[in-house]
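A.B. asks: The listed protein sequences correspond, in order, to chains A and B.
Going by numbering that gives the first Met the number 0, the first residue of the first sequence is number 0, and it counts up by one from there.
Going by numbering that gives the first Met the number 0, the first residue of the second sequence is number 0, and it counts up by one from there.
Do not rely on the hints blindly, as some may be mistaken.
As the list claims (entries may be wrong) - Sample of chain A residues facing chain B (criterion: CB under 8 Å; computed from the structure):
| no. | residue |
| --- | --- |
| 1 | Pro22 |
| 2 | Thr60 |
| 3 | Lys67 |
| 4 | Arg160 |
Hints were generated in silico from the structure; no laboratory data involved.
All figures in this text were calculated on a predicted structure; none of them were measured in a lab.
Ideal Cβ placement from N, Cα and C applies to all residues, glycine included.
There are 2 protein chains.
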Amino acid sequence: MSETSQGPATTGFSERQPRQRRPLHEEAADRLRDMIVEGELAPGERIREQAVCDRLGLSRTPLREAMKVLAAEGLVTLQPNRGATVSDPSPADVADTFKVIGALEALAGELACERVKENDIAEIRVLHYQMALHQTRGELREYFRLNQRIHERLVELSGNRVLIEAHRQLGGRIRRQRFVANRSGARWEQAMREHEQMLEALAARDGRRLAEVLRLHLDNKLTAAERFDREAEKPLAVVAD
Amino acid sequence: MSETSQGPATTGFSERQPRQRRPLHEEAADRLRDMIVEGELAPGERIREQAVCDRLGLSRTPLREAMKVLAAEGLVTLQPNRGATVSDPSPADVADTFKVIGALEALAGELACERVKENDIAEIRVLHYQMALHQTRGELREYFRLNQRIHERLVELSGNRVLIEAHRQLGGRIRRQRFVANRSGARWEQAMREHEQMLEALAARDGRRLAEVLRLHLDNKLTAAERFDREAEKPLAVVAD
DNA sequence: TTGTCAATTTTTGCATACAATTTTAGGGAG
DNA sequence: CTCCCTAAAATTGTATGCAAAAATTGACAA
Numbered sequence: 000m001s002e003t004s005q006g007p008a009t010t011g012f013s014e015r016q017p018r019q020r021r022p023l024h025e026e027a028a029d030r031l032r033d034m035i036v037e038g039e040l041a042p043g044e045r046i047r048e049q050a051v052c053d054r055l056g057l058s059r060t061p062l063r064e065a066m067k068v069l070a071a072e073g074l075v076t077l078q079p080n081r082g083a084t085v086s087d088p089s090p091a092d093v094a095d096t097f098k099v100i101g102a103l104e105a106l107a108g109e110l111a112c113e114r115v116k117e118n119d120i121a122e123i124r125v126l127h128y129q130m131a132l133h134q135t136r137g138e139l140r141e142y143f144r145l146n147q148r149i150h151e152r153l154v155e156l157s158g159n160r161v162l163i164e165a166h167r168q169l170g171g172r173i174r175r176q177r178f179v180a181n182r183s184g185a186r187w188e189q190a191m192r193e194h195e196q197m198l199e200a201l202a203a204r205d206g207r208r209l210a211e212v213l214r215l216h217l218d219n220k221l222t223a224a225e226r227f228d229r230e231a232e233k234p235l236a237v238v239a240d
Numbered sequence: 000m001s002e003t004s005q006g007p008a009t010t011g012f013s014e015r016q017p018r019q020r021r022p023l024h025e026e027a028a029d030r031l032r033d034m035i036v037e038g039e040l041a042p043g044e045r046i047r048e049q050a051v052c053d054r055l056g057l058s059r060t061p062l063r064e065a066m067k068v069l070a071a072e073g074l075v076t077l078q079p080n081r082g083a084t085v086s087d088p089s090p091a092d093v094a095d096t097f098k099v100i101g102a103l104e105a106l107a108g109e110l111a112c113e114r115v116k117e118n119d120i121a122e123i124r125v126l127h128y129q130m131a132l133h134q135t136r137g138e139l140r141e142y143f144r145l146n147q148r149i150h151e152r153l154v155e156l157s158g159n160r161v162l163i164e165a166h167r168q169l170g171g172r173i174r175r176q177r178f179v180a181n182r183s184g185a186r187w188e189q190a191m192r193e194h195e196q197m198l199e200a201l202a203a204r205d206g207r208r209l210a211e212v213l214r215l216h217l218d219n220k221l222t223a224a225e226r227f228d229r230e231a232e233k234p235l236a237v238v239a240d
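Take these sequences, add in the hints, and give me the full structure.
C.D. replies: Listed below in structure tokens is the structure:
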């Protein structure tokens, strides 16, 4: 299950109301997001409306509405009269996205340092050591999950809803690339060291330093992802979660 | 006319194809964007589907698709079974948005400094002096237009498509607030000085400094917008462009 | 007056039908 | 065999109809 299902019209602005039965187009958007992120729909793959409708058990009207949302999020690409495909960002697109995420996380780090309470830091610390454990055991999947959790949590600590939403959206576009970024053992260890520095800076409430570490961390992650892409032209089929 | 009309599925990722007749839902999205940004549809105002359909001369299906896009962009807020309203960001939302835009422009400044050519700088310089002229004449509207052009152009100079798109989207959400930010004469003059520093830093290719100036510039703009909001509880009706 | 509740009206959500466009298949002509 | 053209099939774009939910109205009681 994806953590992206957070109700209707998730804009980053405040909006909260009870909500009873979820509209089909929201349901469809969530399902499709999962299918794309988990690789069930491969990058570049054509999405035929009727086929997906049959699969999800709904009609084209709500599905098309969902597709527009996904297109706005950058997960699918629409070509008028020629259907939709799962977005397959070029290396340049991926690089651009990493850069922007880096800037967003840097800002998040600065803001977080102004607001974190001790128990927030403790929480991150727990996640960090769990992640370290998985790293020493070579458990890539679990490591990745916690890695992502830490970054998400840090961004959440910024308290900036617009930032949180923008970060979540961009992150979804390159989930696959972030996953493969830590495939090499060397990069993996480097990433752990960077995460330690993040934790230190956060504990010291050194916003400037945390921002710098995060930006560097993301730049390195991009470099690693690029190297992986270059070396292995035959990527993995389903990397999921 | 809005500068947001740049074809189908504007995701920030590369995508370019001829395109002949534009779908109605795209047309509708553009028209609605304009209506919202120009204040024809006021913040908080309810949007009734049938009414808008009559106005634009189309049926509800494409309109609803357009509304989903606008919701993803943060311009409208959807409430299941209860219709859509023009987003009316809280002061906190506006502040958050300014912060994120500041971080994006800071990144743009850094990247731009690595790529600008002399004629790019010359172009910005021209815009700058045109803007200065309007400032001395007290022509707020023309000043605002050029001010925005300069910021947009700078972001474009980053060459980062994801960044450009994210910036464009967030900018659209708080166009009104950015407009009112320069209402006070004092702030106006301060903004001009900051713009001069931007130009200097860009000409010197000093990315660090440009980033710093931009972040500060946006922070000050936010402060000015907040002050304006606090002092004038009776805002202007249509601020448009 | 104020509050409550049910009937009516309005509005949204979804499915279906049809039109427009693109893709595919097939059949010559060179 | 390849190219080009045409007709059929598939796919997308839009309108319309109906069901479900919410908003409105108004009568009635406190």
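A.B. asks: Restraint: Thr60(A) near chain B, CB-CB cut 8 Å. Satisfied or not?
C.D. replies: Since chain B brings a Cβ to about 7 Å from Thr60(A), closer than 8 Å, the hint holds.
A.B. asks: Given Arg160(A) as an interface hint, is the shortest Cβ-Cβ distance to chain B below 8 Å?
C.D. replies: holds, 6 Å
A.B. asks: Hint check: is the beta carbon of Pro22(A) less than 8 Å from a beta carbon of chain B?
C.D. replies: holds, 5 Å
A.B. asks: Given Lys67(A) as an interface hint, is the shortest Cβ-Cβ distance to chain B below 8 Å?
C.D. replies: The hint holds - Lys67(A) has a Cβ within 8 Å of chain B, the shortest such distance being about 5 Å.
Violated hints are absent here; each numbered hint is respected by the structure.
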